[in-house]
Amino acid sequence: MRSGAEAFTNHYPLWVYPAKVDTTVPAGVTLVRRYDAATAALLAEGKRVLLVPDSKNWADSAGGAYATDFWNWPMFNGTPGTMGLLCQPEHPALAGFPTAFHSERQWSALAHASTPVILTDAPRALRPIVQTIDNYERNDRLGLVFEAKVGPGSLLVCAVDVLALQDKPEVRQLLASLLAYAGSAKFAPTVALTPAECARFLRPSLAQKQPVQATSFFQPPWGATPEPARAIDGDICTKWVAADDDKAPALTVDLGVGRQVDAVQVLWERDEAGYRYTVEVSNDGAAWTLVSDQRTNAFADGRHYVTFAPVPARHLRVTLTGWPTGGRACIRELRALGQ
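When you line the sequence shown up against my numbering, it's residues 1 to 339, in that order.
Hints in this document: simulated from the structure, not taken from any laboratory.
In this text, all values refer to a predicted model and were calculated from it rather than measured experimentally.
Here a beta-carbon is modelled for each residue, glycine too, at the ideal position from N, C-alpha and C.
Incorrect hints may have been included.
[To be verified] With a straight-line cut-off of 30 Å between C-alpha atoms, the simulated DSS-like cross-links for lysine-lysine are:
{"hint": "1", "residue 1": "K20", "residue 2": "K56"}
{"hint": "2", "residue 1": "K186", "residue 2": "K247"}
{"hint": "3", "residue 1": "K56", "residue 2": "K209"}
{"hint": "4", "residue 1": "K186", "residue 2": "K20"}
{"hint": "5", "residue 1": "K247", "residue 2": "K47"}
{"hint": "6", "residue 1": "K209", "residue 2": "K168"}
{"hint": "7", "residue 1": "K209", "residue 2": "K186"}
{"hint": "8", "residue 1": "K168", "residue 2": "K186"}
{"hint": "9", "residue 1": "K149", "residue 2": "K47"}
{"hint": "10", "residue 1": "K247", "residue 2": "K149"}
[Stated by the list, open to error] Each pair of labels, with its calculated beta carbon distance range:
{"hint": "11", "residue 1": "T9", "residue 2": "A38", "range": "26 to 34 Å"}
{"hint": "12", "residue 1": "M75", "residue 2": "P195", "range": "33 to 41 Å"}
{"hint": "13", "residue 1": "D54", "residue 2": "S184", "range": "21 to 29 Å"}
{"hint": "14", "residue 1": "P98", "residue 2": "Y305", "range": "33 to 41 Å"}
Using the sequences and the accompanying hints, generate a full structural model.
Shown next as structure tokens:
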């Protein structure tokens, strides 16, 4: 479409996909729905693995969206607040899914259904094949499609449940492209992630959407109530906020069944130092064992990842003992990791 002699041009791309594509998992490739001990064992054996987490097995994620952030995320933080996609169109993983270097309309359904993995603390050389661009308030590195060498194995991650969206031709096309790549000689990642890094970034939280209680929660005069369940809903845009007069606020999660817990990740309200707390576990909700004392920690930011020897636990409790001046006792997301 052109406008008069000024030669302004609007360009409206169209995508035409075949009605049927081959989405058979190639020989030598294992498609898995969660990162767990079985997946780690496959990689340790030198296998090729395509990880497509489903809605019950999200990794550490900022949430997905197609439209860019509105105004600014601190003021309007009820959405993921991301800024579109940055793609590597020449990468062989996308050979069957033509794209520009930026998000276009064929990415809409995929982006909305995505749970891009937070890779901020991964090796700097790990650049996602498709990266969700974060806002400058958080500035996290978010992987929608990425690959890594894990020991002798090769891992390809698609942080969209493409298996649940097979009624959409563009989703089928992306899945076919990723499967073809995973089964080809071109699938040879050069950047390595350690098994410990995979365990941190990719394991689903044992606490997500489990029963939870808190010593208190703030009751605002308007807007959403920051109740305890918001700290374990898998959404970093929501949060639990303790009441202002609660001097020892605590959040307690029932993991549903006995688990082996070996790590906890806490995303605090603000990205700064000063958050102090303890982590305890219990099998009966009555007798508690301290597994991590963070009352004098040296964390300089608002995302804390603490590990400890695997311990049996049915219940997990985080008790806040201090937080930055001017802030509130608040947890955006609590993740319990183990098996």
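Each hint, compared with the structure:
A hinted pair counts as satisfied when its Cα atoms are at most 30 Å apart, and K20 with K56 qualifies at roughly 28 Å. With a CA separation close to 57 Å, the supplied pair K186 and K247 exceeds the 30 Å bound. A hinted pair counts as satisfied when its Cα atoms are at most 30 Å apart, and K56 with K209 qualifies at roughly 10 Å. At most 30 Å may separate the alpha-carbon atoms for a hinted pair to count; K186 and K20 meet this at roughly 24 Å.
A threshold of 30 Å between alpha carbons decides the hint, and for K247 with K47 the separation of about 51 Å lies outside it, so the pair is violated. For the proposed pair K209 and K168, the alpha carbon gap of about 28 Å is at most 30 Å, so the pair holds. Restraint check for K209 and K186: not satisfied, since their Cα atoms lie roughly 39 Å apart, outside the 30 Å limit. As the CA atoms of K168 and K186 are separated by approximately 27 Å, the hinted pair is consistent with the 30 Å bound.
As the CA atoms of K149 and K47 are separated by approximately 11 Å, the hinted pair is consistent with the 30 Å bound. Distance check on the hinted pair: K247 and K149 sit about 46 Å apart at the alpha-carbon level, beyond 30 Å; violated. Between T9 and A38, the C-beta spacing of about 53 Å breaks the proposed range 26 to 34 Å. A C-beta distance of roughly 40 Å is found between M75 and P195, which places it inside the suggested range of 33 to 41 Å.
Against the hinted window of 21 to 29 Å, the Cβ-Cβ separation of D54 and S184 comes to about 25 Å, which satisfies the hint. Between P98 and Y305, the C-beta spacing of about 38 Å keeps the proposed range 33 to 41 Å intact.
Hint compliance for this structure: hints 2, 5, 7, 10, 11 are not met, and every other hint is.
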